[in-house]
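Produce the entire structure from the sequences given, and follow the hints as far as they go.
Residues per chain, in single letters:
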Amino acid sequence: MINLVKEHYQWFFGGSGVLLISALFFLVKKFFSTKKVQSQMQNQTNITNEIHTNTHDEVKEKNEEISNDDNLKALTKILFVDDNHKEYKMVSILKKSGWINTKSVKDILDLDDATVQDADIIFVDINGVGTVFFKKDQGLGLASALKKKYPKKKIIIYSAEIKGDRFNPVLREVDGCLYKDADPYQFTSLIEELMIKK
Amino acid sequence: MKHFYIIDKNGNDVVKNLTGHCVDCFKSCNSVGRTVECSLYKQQFRYGKITNSKSITFLCDTTKTTKLFREKLEALSYAYYDLVIAKEEIEQKIKIVEQKKVNRLIHNLSSINAHNLQSIYDIIPQEQLSSNWQNQNVHIEKEIKRNTDKIAKAFLQLEKNAIRARSEFSVYRKLDRDEKSELDFKSLKIHSVLLNVFHTFFYDFLNIKVYINISEYFGKVKIDYETIQVALYHLIENAAKYIKKGSHFSIWFEEDNQSFVKVNFKMTSIFVAPDERKSIFEEGVSGSIAKKIKKSGDGIGMWRIGQMVKLNNGEFFASFGDKTENINGCDYAENTFTLVLMKGV
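Residue numbers (my numbering), protein chains in the order written: chain X, 1 to 198; chain E, 1 to 345.
Check each hint, because a few of them may be wrong.
[As the list claims (entries may be wrong)] Among chain E residues calculated to face chain X with C-beta under 10 Å, some are:
{"hint": "1", "residue": "N161"}
{"hint": "2", "residue": "A165"}
{"hint": "3", "residue": "S170"}
{"hint": "4", "residue": "K186"}
{"hint": "5", "residue": "Y225"}
{"hint": "6", "residue": "D275"}
No wet-lab data here; the hints were simulated from the structure.
Bear in mind the structure is a predicted one, so any value in this text is a computation, not a measurement.
Glycine included, C-beta positions come from ideal geometry on N, C-alpha and C.
Structure follows, in structure tokens:
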């Protein structure tokens, strides 16, 4: 094989040789890539479900929607106040779905804190936060104080158990309530709703 | 009798209609018929208290004479014995009703939790986890890499179980515990709401070679997310259970005038006889074919869907088809289930 190459190298690198090698290379490549696709197909099931993921007819409009959506996600500053914030994964879930400016803190000890001032939306857990200044009302007290100080910021209360505090007037002051086990979809649709209304 | 209070020897209330203001009078009262100027009603009242070995009885009203007042107070203190019996009966009845709801919740959550634990130990057996605790992470990583397909299935199963568990909580939170519970109505894209539940069942449908077609729809419906998720969960779970293997499952949306959106689920599923078409929407009723093929559960599904949709000011109905075929002794028909929901903005 090496001798063959040595003897005919001039021919190989001549115009027609390059063309022939390119063609062979192309065919080999095509053969392997086709095979790959076929084997993938064989592994897949022969059922092709049709689940329309709401693709829009007007591409332009859709692109605008996406860019608005991305802008909203990138610009909205979200803060979670939760004493178990390291274990509660909603911050990580929201970040993964594009809400990159999402942070969490264990508690708020200073309403003038830069993290608070920066945030557009603050989620406050009812239990275990605000214990220093609002011993009895905890998170509800903190949420109320935040809403009074920053009426333009959106304050949402979330908890494993809201029912016991159902008649607390703070629930009417804030912009929303969610159960801790709410779907990420419920969190994001509430954020979108509040930020679009803003 | 304006205000009264009977308390038993253990400090439990038997009957009470005191205002916050009356509590101080009760505490300070040590007579059986003294008059006092009531600052709440701005008039003269007579109040008294009787203490015996069983109870303390307090009364406050506008009876003119002390003698008459004492007779009333004594009669009230004798009523203690009858009131206690009635109170215990009522408490017992409430306990039974509430216990039934809590028992159902515990039963359902326990079985979901059992499935979760089984899914986990099916990937890595419990004894392996406990014996390899020093290299736990490395061992788990190795097992996951070795069983990627099994892990993917278990992941979906765990997600489905978590949604099921949450739907049990939702039913308890929004219905069983307090019938006057407020729902959280919001305008949401029904297509996304449906897929949030549906995707956990894709694998089940794939396993039985069912072709799914969900149409496009951008519209919104005004719903309480949690309760509609419960309805959708039961509907899709029932579909996965009773649909014919290798058949088609179509879901499409229709706008009915300006106020409602219909979500239709059309499938070839087990035949429902005409005489059962009304009763299977009732609590605890399963269809005869569902029982025959031993797939019926507690007969909760259809009833729960209707109940949840009604809470959302919607409607749930089905159009049952005639027998089309018989496979392995099971009759199938073309059935369409429809949820009618309020249109959102």
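For each hint, the structure was consulted:
1. Interface restraint check: E/N161 against chain X, minimum CB-CB distance 13 Å, threshold 10 Å, status violated.
2. Given the 10 Å rule on beta carbons, the hint for E/A165 holds: about 9 Å separates it from the nearest Cβ of chain X.
3. The beta carbon of E/S170 comes within 9 Å of a beta carbon in chain X, closer than 10 Å, and the hint placing it at the interface holds.
4. With a cut of 10 Å, the hint placing E/K186 at the interface with chain X holds, because the nearest CB-to-CB distance is about 7 Å.
5. Because the beta carbon of E/Y225 sits about 6 Å from the nearest beta carbon in chain X, less than 10 Å, this interface hint is met.
6. Among the interface hints, the one on E/D275 is violated; its C-beta lies about 35 Å from the nearest C-beta in chain X, farther than the 10 Å criterion.
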